[in-house]
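S.K.: Line order of the protein sequences matches chains A and B. Note that full-length UniProt numbering gives residue 504 to position 504 of the first sequence, counting from 1, and the numbers run on in steps of one. Note that full-length UniProt numbering gives residue 4 to position 4 of the second sequence, counting from 1, and the numbers run on in steps of one.
Calculated from the structure, these hints are not laboratory results. Remember, it's a predicted structure, so these values are computed and weren't measured experimentally. Cβ atoms here follow ideal geometry from the backbone N, Cα and C, with glycine treated the same way. Treat the hints with care, since some could be wrong.
[Unchecked claim] Within a straight-line C-alpha distance of at most 20 Å, the following computed DMTMM-like cross-link-like pairs (lysine to aspartate or glutamate) qualify: (1) K136(A) - E131(B); (2) K82(B) - D99(B); (3) K64(B) - D63(A); (4) K92(B) - D44(B); (5) K146(A) - D63(A); (6) K183(A) - E2(B); (7) K194(A) - D164(A); (8) K309(A) - E131(B); (9) K340(A) - E228(A); (10) K14(B) - D271(A).
[Unchecked claim] Calculated Cβ distances over 10 Å to all of chain A for the following chain B residues: (11) Q19; (12) R27; (13) E60; (14) Q65; (15) E71; (16) V73; (17) T124.
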Amino acid sequence: MKGAEAMMKALEAENVKVLFGYPGGQLLPFYDALYQSDFLHILTRHEQAAAHAADGYARASGDVGVCVATSGPGATNLVTGVATAHADSSPVVALTGQVPTKLIGNDAFQEIDALGIFMPITKHNFQIQKTSEIPKIFRKAFEIAKTGRPGAVHVDLPKDVQDDDLDLEKYPIPAEINLQGYKPTKFGHPLQIKKAAELMKIAQRPVIIAGGGVQIANATPELIKLSEYAQIPVCTTLMGKGVFPEEHPLSLGMVGMHGTQASNYSVYESDVLIAIGCRFSDRITGDLSSFAPNTKVIHIDIDPAEIGKNVGVDIPIVGDAKAILKDILIHLMKKEMVNKTEWMENVKKLQKKSMPVMEFDNTPIKPQKVIKEMMAALREVDPGLTNTVLTTDVGQNQMWMAHYFQTSAPKSFLSSGGQGTMGFGFPAAIGAKFARPDANVIAVTGDGGFLMNSQELATIAEYEIPVIVVIFDNRTLGMVYQWQNLYYGKRQCAVHLGETPDFIKLAESYGIGALRVEKPEDINEAFKTALNSGKPYLLDIIIDPSEALHMVPPGGNMTNILFPDRQEPTPKAQCFSEMKKILSPKV
Amino acid sequence: MEHKHIISVLVLHKPGVLQRISGLFTRRWFNISSMTVGSTENPDVARMTIVVQGDDTVLEQVVKQLNKLVEVVKVTDLNSKKSVQRELCLVKVYAPTEDSKSQVIQYANIFRGKIIDLSTETLTVEITGDEQKVNAFLDLVRPMGIKEIARTGLTALMRGSKILKSNKA
Numbered sequence: 001m002k003g004a005e006a007m008m009k010a011l012e013a014e015n016v017k018v019l020f021g022y023p024g025g026q027l028l029p030f031y032d033a034l035y036q037s038d039f040l041h042i043l044t045r046h047e048q049a050a051a052h053a054a055d056g057y058a059r060a061s062g063d064v065g066v067c068v069a070t071s072g073p074g075a076t077n078l079v080t081g082v083a084t085a086h087a088d089s090s091p092v093v094a095l096t097g098q099v100p101t102k103l104i105g106n107d108a109f110q111e112i113d114a115l116g117i118f119m120p121i122t123k124h125n126f127q128i129q130k131t132s133e134i135p136k137i138f139r140k141a142f143e144i145a146k147t148g149r150p151g152a153v154h155v156d157l158p159k160d161v162q163d164d165d166l167d168l169e170k171y172p173i174p175a176e177i178n179l180q181g182y183k184p185t186k187f188g189h190p191l192q193i194k195k196a197a198e199l200m201k202i203a204q205r206p207v208i209i210a211g212g213g214v215q216i217a218n219a220t221p222e223l224i225k226l227s228e229y230a231q232i233p234v235c236t237t238l239m240g241k242g243v244f245p246e247e248h249p250l251s252l253g254m255v256g257m258h259g260t261q262a263s264n265y266s267v268y269e270s271d272v273l274i275a276i277g278c279r280f281s282d283r284i285t286g287d288l289s290s291f292a293p294n295t296k297v298i299h300i301d302i303d304p305a306e307i308g309k310n311v312g313v314d315i316p317i318v319g320d321a322k323a324i325l326k327d328i329l330i331h332l333m334k335k336e337m338v339n340k341t342e343w344m345e346n347v348k349k350l351q352k353k354s355m356p357v358m359e360f361d362n363t364p365i366k367p368q369k370v371i372k373e374m375m376a377a378l379r380e381v382d383p384g385l386t387n388t389v390l391t392t393d394v395g396q397n398q399m400w401m402a403h404y405f406q407t408s409a410p411k412s413f414l415s416s417g418g419q420g421t422m423g424f425g426f427p428a429a430i431g432a433k434f435a436r437p438d439a440n441v442i443a444v445t446g447d448g449g450f451l452m453n454s455q456e457l458a459t460i461a462e463y464e465i466p467v468i469v470v471i472f473d474n475r476t477l478g479m480v481y482q483w484q485n486l487y488y489g490k491r492q493c494a495v496h497l498g499e500t501p502d503f504i505k506l507a508e509s510y511g512i513g514a515l516r517v518e519k520p521e522d523i524n525e526a527f528k529t530a531l532n533s534g535k536p537y538l539l540d541i542i543i544d545p546s547e548a549l550h551m552v553p554p555g556g557n558m559t560n561i562l563f564p565d566r567q568e569p570t571p572k573a574q575c576f577s578e579m580k581k582i583l584s585p586k587v
Numbered sequence: 001m002e003h004k005h006i007i008s009v010l011v012l013h014k015p016g017v018l019q020r021i022s023g024l025f026t027r028r029w030f031n032i033s034s035m036t037v038g039s040t041e042n043p044d045v046a047r048m049t050i051v052v053q054g055d056d057t058v059l060e061q062v063v064k065q066l067n068k069l070v071e072v073v074k075v076t077d078l079n080s081k082k083s084v085q086r087e088l089c090l091v092k093v094y095a096p097t098e099d100s101k102s103q104v105i106q107y108a109n110i111f112r113g114k115i116i117d118l119s120t121e122t123l124t125v126e127i128t129g130d131e132q133k134v135n136a137f138l139d140l141v142r143p144m145g146i147k148e149i150a151r152t153g154l155t156a157l158m159r160g161s162k163i164l165k166s167n168k169a
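One chain only, chain A, in its complex shape (with noise of 0.2 Å):
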């Protein structure tokens, strides 16, 4: 059999159903042999869109997302989708394809130093030499990918490897595999779990905050079970988005530069502090001086290099999410914990504070008005928000959303964290619907953020994916926009979009079926209709461009949170009247 078959062969071992790739030169008998076997190959327009989506997959199903590309421009083009799946600890394999080995090195055409690149963004990355490694080597991908804390793998797949001769029985897939440097950590220390279920006994003003790693570990119910025996309440990273209840009478909502005054305020206030799969960004804590400084902080994360990276821990535990606290569940129901009426009551106070308005009546639309309808068309066909996937993009609708949009289950909420790529959402919706082909899978973006990948609307005609696209379209670059205004006296630079394109015609000339919404009144309409089409549709709301949402300056400390003045933008026009000079001809 030939070095691609058995690819094929190892990728069914993994129980992959899906690929998102983009063939190219270096891939031609990859490709070939993908036709012989029975995967599902999404042809994406763009890698990047490939890698996005098969990140997309993986985040809304917890298995492997894979996405494939072609030597040189292919396997850069990917660069950006592996980077962003790696920054929030998705685990995608990438493949690409190289050059022939008895090339490496020469500067072949569309030859790249793939490895090198890869290296950096990635939990770890494979060249196979030898067809004779395919087996080994693909199976050491998908368990580094998706054990331990999950990451992007890239292996990169010259190819006379993918043509060459293999005898599978004489080197098989193995069904395990020992990597000697790589043995991750999951149950927590038990020394370490008495003392921190002790430690939360005696607290007085707990608050937990719930990362990414809540999502990745399932250990919603576990939280859940934590935080109502225990009464401590729970704030989440924008990771972990979903792994608590958003209605539950004890969630705080999101914490950090964009987050909520209740979660923002407990967690300065707090005495102790329990942080599950988090990695305390600088979007979390802010100045490290003046975050939470009278608590003890209880750590846990499976991977023990973000213990101690950014803020100071009194316990550390090192493992996974669900186990430990399971762990700590145990310890903590043969204990009585320390009343807490006045810090429920503070809580209390601060979520009320908090309270989110959303019902404008006002044109241009307020993006509240907008969450708040598609929460409302969305729970007439889906009641507890449990079946549906939003993805967003990056900027002001991933805040709004984010901050705005009550999510009820885990892996509904797909949002780039760690690297905060625009283009993302769309994409990544896409692989989403696949994960969940049942579940409405909705993609929020901005008008700058949709153009980043925008070509993808081809993709979903010509599959039919009924992926729905919500263009918060303000004409602007808001999030950039609103620093400038908040940061830089209100100079607007490289901001303004514009008035083209034409979203509802780019969406037509597609075949997708597309509403252009400008009243509030119509947006309820407009999403039933996306809804019950069962098609590829897309949404383009035309907002109020003034609207921002409140933040805390970057570095800053985390109570000292900032409502923006609500400015309309102003395009500098001196710009376009010395572009106009420079492009028409002369006379």
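Use these hints to put chain B onto chain A, whose structure you have.
M.R.: Below, chain B alone, put in the same frame as chain A:
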């Protein structure tokens, strides 16, 4: 407080591992003073001795981040243990006269160095020792004129019968 740490790392003896490790140091702004690599008693494993400058938090991160690499088998901070440390230095000293030559030879003897090459104008001395010893010798011959130096950087082992065993195997 900033100080130097000697970290001993056992890695799989494979191409690309050095790039992975040096890339990690570059990306995270860990300050490397020196790095030596060589084979060990196990042909599949190489030992790196890395001297890093930084405070305790930096050291902790260096060890943890190194441990995360799939090809890293074992990491130990040798500062916390008794260890023996050596560096090899070759130095070419300007010695055009018989007097200066005999002077260098005398110094080399005191430092238990070896003369390994000789020309009409120069002497090349091989000297091994910890960093201070090598530095002391170089300070001594510097006034005579150092033409060229090659230093390997520190390599080290734990003192006594203890060995760095791979606990991950």
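S.K.: Please list, smallest to largest, the hint numbers that this structure does not respect.
M.R.: 1, 2, 3, 4, 6, 7, 8, 10, 11, 12, 13, 14, 15, 16
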